[in-house]
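K.L.:
Chains as they are written, first to last, in this note's numbering: chain L, 1 to 135; chain S, 136 to 216.
There may be inaccurate statements among the hints.
Said to hold, decoys possible - Capping the alpha-carbon separation at 30 Å, the derived lysine-lysine pairs in DSBU-like fashion look like this:
hint	chain 1	residue 1	chain 2	residue 2
1	L	Lys28	S	Lys180
2	L	Lys72	S	Lys151
3	S	Lys180	S	Lys162
4	S	Lys183	L	Lys58
5	L	Lys3	S	Lys182
6	S	Lys183	L	Lys28
7	L	Lys37	S	Lys160
8	L	Lys17	L	Lys58
9	L	Lys3	L	Lys17
10	L	Lys86	L	Lys17
11	L	Lys58	S	Lys200
12	L	Lys72	S	Lys162
13	S	Lys183	L	Lys30
14	S	Lys182	L	Lys67
15	S	Lys152	L	Lys30
16	S	Lys177	L	Lys72
17	S	Lys180	L	Lys37
18	S	Lys173	L	Lys37
19	L	Lys28	S	Lys200
20	S	Lys173	L	Lys72
In case anyone wonders, no lab produced these hints; they're calculated from the structure.
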Amino acid sequence: MRKILVDSNIFIFANIKEYPEYSVAKAKLKELINNHKLLINAIIVSEVQYKLYRLLGKEESFNRTKKILDSKHVGYETVEQSTILKALVFSHDNNIRINDAIIAAHAIDLKVGVFTDNTVDFEKIPDVEIIPLRV
Amino acid sequence: MEEIIVDDTYKLIFPKKLIDLFKIKPKDRFDINVEDNKIVLKKLKRKKDPLVELLESPAHADPTKIRQLNLKALEEELWTT
Chain L
1 MRKILVDSNI FIFANIKEYP EYSVAKAKLK ELINNHKLLI NAIIVSEVQY
51 KLYRLLGKEE SFNRTKKILD SKHVGYETVE QSTILKALVF SHDNNIRIND
101 AIIAAHAIDL KVGVFTDNTV DFEKIPDVEI IPLRV
Chain S
136 MEEIIVDDTY KLIFPKKLID LFKIKPKDRF DINVEDNKIV LKKLKRKKDP
186 LVELLESPAH ADPTKIRQLN LKALEEELWT T
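For reference, chain L alone in the conformation it holds in the complex (with noise of 0.2 Å):
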């Protein structure tokens, strides 16, 4: 089976009906599940959980969350020092932020692609393999 580092955003917006996004995430990560892991980790989390917090409120939030995580479709993965370093090296050289240079410098340790809609700034990190949500 295949791996795929899974962006905050596509969960968002696979979440939320009224995101003009929502269908194309939703038929996107439907059709990963088939043959992919969709890795997500503590940043990703974070961000998922925050973002819904502030869209839907806490109780959702939570529930939602936790759902992602309880996917037997699901796999967490744990951020070595060694991928912070590098992260920290990408955020520096490349004017990105910390936590999307995590996940890059994530997504390069664990030899897989990183399935998002920020193009733009994974675009700047060399060696990422981006898939796109928009193509």
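Given the coordinates of chain L, assemble chain S onto it according to the supplied hints.
P.N.:
Relative to chain L, chain S alone:
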């Protein structure tokens, strides 16, 4: 009636006829009860995966709120304040 035998680890193998009739698959769950000295098995509905369940029942947010709280701004708020 068909006879089945309990193995050394107390497992039972369903006869093929029952597997086909009740569409039994590995990891299916059963409710087990004793009624009038009989063991009664009731096949439970398969639980949907939480992610699939979530994708099939999206939440609703006020479109105005979605426009006001754009995701880039929320990320900015989370990581820089």
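K.L.:
Given the hint that L:Lys28 pairs with S:Lys200, test it: the Cα-Cα distance must not exceed 30 Å.
P.N.:
Holds. L:Lys28 to S:Lys200 sits at ~25 Å (cutoff 30 Å).
K.L.:
Measure nothing beyond the straight line between the CA atoms of S:Lys173 and L:Lys72; if it is 30 Å or shorter, mark the hint as holding.
P.N.:
36 Å, violated
K.L.:
Given the hint that S:Lys152 pairs with L:Lys30, test it: the Cα-Cα distance must not exceed 30 Å.
P.N.:
34 Å, violated
K.L.:
Hint check: S:Lys177 vs L:Lys72, CA-CA at most 30 Å. Holds or violated?
P.N.:
25 Å, holds
K.L.:
Given the proposed pairing of L:Lys3 with L:Lys17, does the C-alpha separation stay at or below 30 Å?
P.N.:
Within the cut-off at roughly 26 Å; holds.
K.L.:
Verify the proposed pairing of S:Lys183 with L:Lys58, using a straight-line Cα cut of 30 Å.
P.N.:
OK: S:Lys183 and L:Lys58 at ~24 Å, within 30 Å.
K.L.:
Holds or violated: L:Lys72 with S:Lys162, Cα cutoff 30 Å?
P.N.:
14 Å, holds
K.L.:
Can the restraint linking L:Lys17 and L:Lys58 be considered satisfied, given a maximum Cα separation of 30 Å?
P.N.:
18 Å, holds
K.L.:
Can the restraint linking S:Lys173 and L:Lys37 be considered satisfied, given a maximum Cα separation of 30 Å?
P.N.:
43 Å, violated
K.L.:
When you check the alpha-carbon spacing of L:Lys37 and S:Lys160, does it fall within 30 Å?
P.N.:
22 Å, holds
K.L.:
Take a quick look at whether L:Lys28 and S:Lys180 sit within 30 Å of each other, Cα to Cα.
P.N.:
27 Å, holds
K.L.:
Between S:Lys182 and L:Lys67, is the straight-line Cα distance small enough, at 30 Å or below?
P.N.:
Holds: S:Lys182 and L:Lys67 sit about 13 Å apart, inside 30 Å.
Hint compliance for this structure: hints 10, 15, 18, 20 are broken, all remaining hints hold.
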